[in-house]
Amino acid sequence: MKLNRYELKADDQLTTFNFLSEGIKGKIEKIVQFSPVNQNNLYNLAFGDKNLLTGDIDDQVITDNGDSEKVLATVVAAVYAFSDKFPQAWIYATGSTTARTRLYRMGINKYYEIKEIDFEIYGQSENEWERYKKGKDYTAFVIQRKKLKFDL
Amino acid sequence: MKSILELNDKKVPVVRIDKSLNKYSNVVLFPEKVEKAKQAFKKLGLPDLKK
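So the protein lines, in turn, are chains P and D.
Numbering of the first sequence is given in our numbering, commencing with residue 18 and proceeding in unit increments.
Numbering of the second sequence is given in our numbering, commencing with residue -15 and proceeding in unit increments.
Worth flagging that the hints you see were computed from the coordinates, not collected in a lab.
Incorrect hints may appear among the rest.
[To be verified] Have a look at the derived ranges for each label pair, beta carbon to beta carbon:
| # | chain 1 | residue 1 | chain 2 | residue 2 | range |
| --- | --- | --- | --- | --- | --- |
| 1 | D | D32 | P | T80 | 35 to 41 Å |
| 2 | D | S4 | P | Y129 | 33 to 39 Å |
| 3 | P | S142 | D | K3 | 21 to 27 Å |
| 4 | D | K7 | P | K151 | 24 to 30 Å |
[Unchecked claim] A few chain P positions that, by computed beta-carbon distances, are all more than 12 Å from chain D:
| # | residue |
| --- | --- |
| 5 | N82 |
| 6 | E86 |
| 7 | L120 |
| 8 | N126 |
| 9 | K127 |
| 10 | K153 |
[Stated by the list, open to error] As a list, the in silico DSS-like pairs of lysine-lysine whose alpha-carbon atoms are at most 30 Å apart:
| # | chain 1 | residue 1 | chain 2 | residue 2 |
| --- | --- | --- | --- | --- |
| 11 | P | K151 | P | K87 |
| 12 | P | K151 | D | K26 |
| 13 | D | K22 | P | K164 |
| 14 | P | K44 | P | K127 |
| 15 | P | K151 | D | K7 |
| 16 | P | K153 | D | K(-5) |
| 17 | P | K67 | D | K22 |
| 18 | P | K150 | D | K(-5) |
| 19 | D | K(-5) | P | K164 |
| 20 | D | K3 | P | K44 |
| 21 | D | K(-5) | P | K151 |
| 22 | D | K3 | P | K151 |
| 23 | P | K67 | D | K3 |
| 24 | D | K(-5) | P | K127 |
| 25 | D | K(-5) | P | K163 |
| 26 | P | K26 | D | K27 |
| 27 | P | K102 | D | K26 |
| 28 | D | K7 | P | K67 |
| 29 | P | K163 | D | K34 |
| 30 | P | K151 | P | K102 |
In this text the structure is predicted, and so the values were computed from the model without any measurement.
Ideal Cβ placement from N, Cα and C applies to all residues, glycine included.
I would like the entire structure built from these sequences, with the hints used as guidance.
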């Protein structure tokens, strides 16, 4: 499955990425960041739009640039790049709104067959993590790169 | 030699390092999300990989 996505740039540490969304509203800079949470190997994934006038990053804005699938594919690519460098990392993601969380779920569902090969994927259901079930509603998600197994 | 476009078809993409992004390396751009993550891990711990 070919993922049509934007070119990614990153900082030296591969924790902050950016790309340029190009759609019906023009060019919009997107920032994707993996921030450490207060324990080893726990990271939060978030992304938003950079306001070119103020420099502020907004993760609440509804961009509606007509390229959401390409944006999601690019965020998935950032997850691959980050987890390639930090394979032990647990990556947490939730939306800033219910609609945004639904968008995350759509992204996981769309690329589930690809991601499921490479990642352990869990959803937050009530008060526990459960293995991700395609199509089910979750309030948050957590993933980790699967460990390579070699048969000797 | 593989072209950039071919390499970008791979799951792990080619990522260009842009030093202008280093200004964000130690800045939390989405503090509310990080707080949510903290609370979730505090409450639920980590998933059980055996489940």
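Taking the hints in turn, this is what the structure says about them:
1. D:D32 to P:T80: 35 to 41 Å: holds (37 Å)
2. D:S4 to P:Y129: 33 to 39 Å: holds (34 Å)
3. P:S142 to D:K3: 21 to 27 Å: violated (41 Å)
4. D:K7 to P:K151: 24 to 30 Å: Since K7 (chain D) and K151 (chain P) have Cβ atoms about 39 Å apart, the given range 24 to 30 Å is violated.
5. N82: holds (20 Å)
6. E86: holds (16 Å)
7. L120: L120 (chain P) is indeed farther than 12 Å from all Cβ atoms of chain D, at 14 Å.
8. N126: holds (17 Å)
9. K127: holds (14 Å)
10. K153: Per Cβ check, K153 (chain P) is outside 12 Å of chain D; nearest 15 Å; holds.
11. P:K151 to P:K87: Answer holds: K151 (chain P) to K87 (chain P) is near 20 Å, not above 30 Å.
12. P:K151 to D:K26: The hint holds at about 26 Å.
13. D:K22 to P:K164: holds (24 Å)
14. P:K44 to P:K127: holds (24 Å)
15. P:K151 to D:K7: With Cα atoms ~37 Å apart, K151 (chain P) and K7 (chain D) exceed 30 Å; violated.
16. P:K153 to D:K(-5): holds (25 Å)
17. P:K67 to D:K22: Cα-Cα ~25 Å, so holds.
18. P:K150 to D:K(-5): holds (22 Å)
19. D:K(-5) to P:K164: With Cα atoms ~16 Å apart, K(-5) (chain D) and K164 (chain P) stay inside 30 Å; holds.
20. D:K3 to P:K44: holds (21 Å)
21. D:K(-5) to P:K151: Status holds; Cα separation ~21 Å.
22. D:K3 to P:K151: With a Cα-Cα distance of about 38 Å, the restraint between K3 (chain D) and K151 (chain P) is violated, given a limit of 30 Å.
23. P:K67 to D:K3: Given pair K67 (chain P), K3 (chain D) holds - Cα atoms ~17 Å apart, limit 30 Å.
24. D:K(-5) to P:K127: holds (15 Å)
25. D:K(-5) to P:K163: Given pair K(-5) (chain D), K163 (chain P) holds - Cα atoms ~14 Å apart, limit 30 Å.
26. P:K26 to D:K27: violated (34 Å)
27. P:K102 to D:K26: holds (25 Å)
28. D:K7 to P:K67: holds (14 Å)
29. P:K163 to D:K34: Satisfied, since the Cα-Cα distance of roughly 13 Å is no more than 30 Å.
30. P:K151 to P:K102: holds (27 Å)
Of the numbered hints stated above, those contradicted by the structure are hints 3, 4, 15, 22 and 26, listed in ascending order.
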